[in-house]
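**Student:** Next come the chains, spelled out residue by residue.
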Amino acid sequence: MSDLERALRELDVAWPETPDLAAAVMTRVAAREAPPRRAPRRRLILAYAAVALVVLAGGTLAVSPDARSTVLRWLGLGSVEIRRAPLEPGLGRELGLGQPLAEVPRGAPLPRALGTPDAAYETMLADGSTAVSLLYRGPPRVLVQSFRATVEPFIEKTVAMSSQVERVTVDGARGYWITGAHGFAYRSGAAAGFEEQRLADRTLLVERDGLLIRVEGALAKERAVAIARSVE
Amino acid sequence: MAGVYGAVARALTEGELVALARDGDGDAYAALVRAHSDIAFRTAMLITQDAAEAEEAAQDAFVKAWRALPRFRTGEPLRPWLLKIVANEARNRRRSAGRRAALALRAPRPAAEEGSAEAAVLAGESRAALLAALGRLRDEDRLVLGCRYLLELSEAETAAALGVRRGTVKSRTSRALQRLREVMGA
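Protein sequences, first through last, are from chains A and B.
Following our numbering, the numbering of the first sequence begins with 1 at its first residue and continues without gaps.
Following our numbering, the numbering of the second sequence begins with 1001 at its first residue and continues without gaps.
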């Protein structure tokens, strides 16, 4: 790419604010445009995992089976489908950081960008296995966890509980930068669990070679990415 | 425990949203409109050079796209298809509105905290100069550069938006860059 092309790409144009097109379009569509197809077609059958997203907190969000739109508006998420499902015992409970460790076990993944943690914990995962959680007192306080786990297929639940989720790529690995987060759901072995936020409402999740790296703290996205990238 | 319920949620993929929208699901279509609003509005803005015209063009395009959804080929990426409709609407409006004087876009003010105030001003001036030079190009050149570098559309998306072949996008881009160099040097 030439310097001129680079300069054009970095131009950072101050575009006018995008108007709320969805509201205007849907008003017009609802008012006089027929839906594109009336023929009854099987609605998409969506495969749900048995794990229930716990929007508990004393039952602040009651979801009725047919209240999809209302709930979505309440959550501010139009592209997420929510429905009721029985809660499975034990799922969604806070797992806690677990047992304090005297030192970081040999071989545990460490973020080079942060060095030696101020505290380390042995955290029990949903499937009974354990992971090491590293706490840096900062400021800012940062929590770094590395699990043998994945956020798929449960990233959707995490999305539903967060105000904003951005897909990121960290050295080719898939990641999610989540703000306004309450926690995230994950799969570990044959079981699924839910981790709550502890320090801040910002979390970077990166899946790399079967390892789920989580960086939580009052951090800018770039800093969180640098920390996740330095885990080895 | 019987009778205890929680909410199970998952994000729908674009393909699933399209399938739902084709069945008449307005919520699903609204989600698609929201996801593509920025790029649709900016593409229209690039062509019409007027925010009000761009808004109407983008809005009309999304209404037309809703009606045209049954003809959308499942599995194809939605964005180029949408941008083609948006660009058509924007071109129609531009033709009826007549030619506009200058590119209404502007570069943002330089950030004060980056480097010295002088450097920030210089950087701001060079951005403004580049944008002004872009505005002096003829439409064909300005649009292809706008799509490729300001909107960062792919070659395929640019081809869809401009209604030309990919090869044409390549050759037009290279010619337009050359003309921009000439305008900057003049």
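One or more hints might be untrue.
[What the hints assert, rightly or not] Under 7 angstroms between C-beta atoms, here's a sample of chain A residues computed to sit facing chain B:
#  : residue
1  : 8
2  : 9
3  : 11
4  : 13
5  : 16
6  : 19
7  : 21
8  : 27
9  : 101
10 : 105
11 : 106
12 : 107
Rather than coming from a laboratory, the hints here were simulated on the basis of the structure.
Glycine included, C-beta positions come from ideal geometry on N, C-alpha and C.
**Student:** Each hint should be assessed against the structure and marked as holding or not.
**Tutor:** Hint check results:
Taking 7 angstroms as the C-beta contact cut-off toward chain B, the hint placing residue 8 (chain A) at the interface holds, the least distance being around 4 angstroms. Because the smallest distance between the Cβ of residue 9 (chain A) and any Cβ of chain B comes to about 5 angstroms, under 7 angstroms, the interface hint for this residue holds. Restraint check, residue 11 (chain A) versus chain B: the minimum CB separation of about 6 angstroms is within 7 angstroms; hint holds. Here the hint on residue 13 (chain A) is kept, as its CB sits about 5 angstroms from the closest CB of chain B, short of 7 angstroms.
Hint on residue 16 (chain A) holds. Least Cβ distance to chain B is approximately 4 angstroms, under the 7 angstroms limit. Of the supplied interface hints, the one on residue 19 (chain A) holds, with its beta-carbon coming within about 5 angstroms of a beta-carbon of chain B, less than 7 angstroms. Checking residue 21 (chain A) against chain B: minimum C-beta separation of about 5 angstroms stays under 7 angstroms; hint holds. Look at residue 27 (chain A): its Cβ only gets to about 10 angstroms from chain B, farther than 7 angstroms, so that hint breaks.
The beta carbon of residue 101 (chain A) is not positioned within 7 angstroms of any beta carbon in chain B (closest approach about 33 angstroms), and the interface hint is therefore violated. A hinted interface residue such as residue 105 (chain A) counts as satisfied when its beta carbon comes closer than 7 angstroms to some beta carbon of chain B; here the least separation is about 35 angstroms, so the hint is violated. Checking residue 106 (chain A) against chain B by beta carbon gives a least distance of about 38 angstroms; that is not within 7 angstroms, so the hint is violated. Checking residue 107 (chain A) against chain B: minimum C-beta separation of about 35 angstroms lies over 7 angstroms; hint violated.
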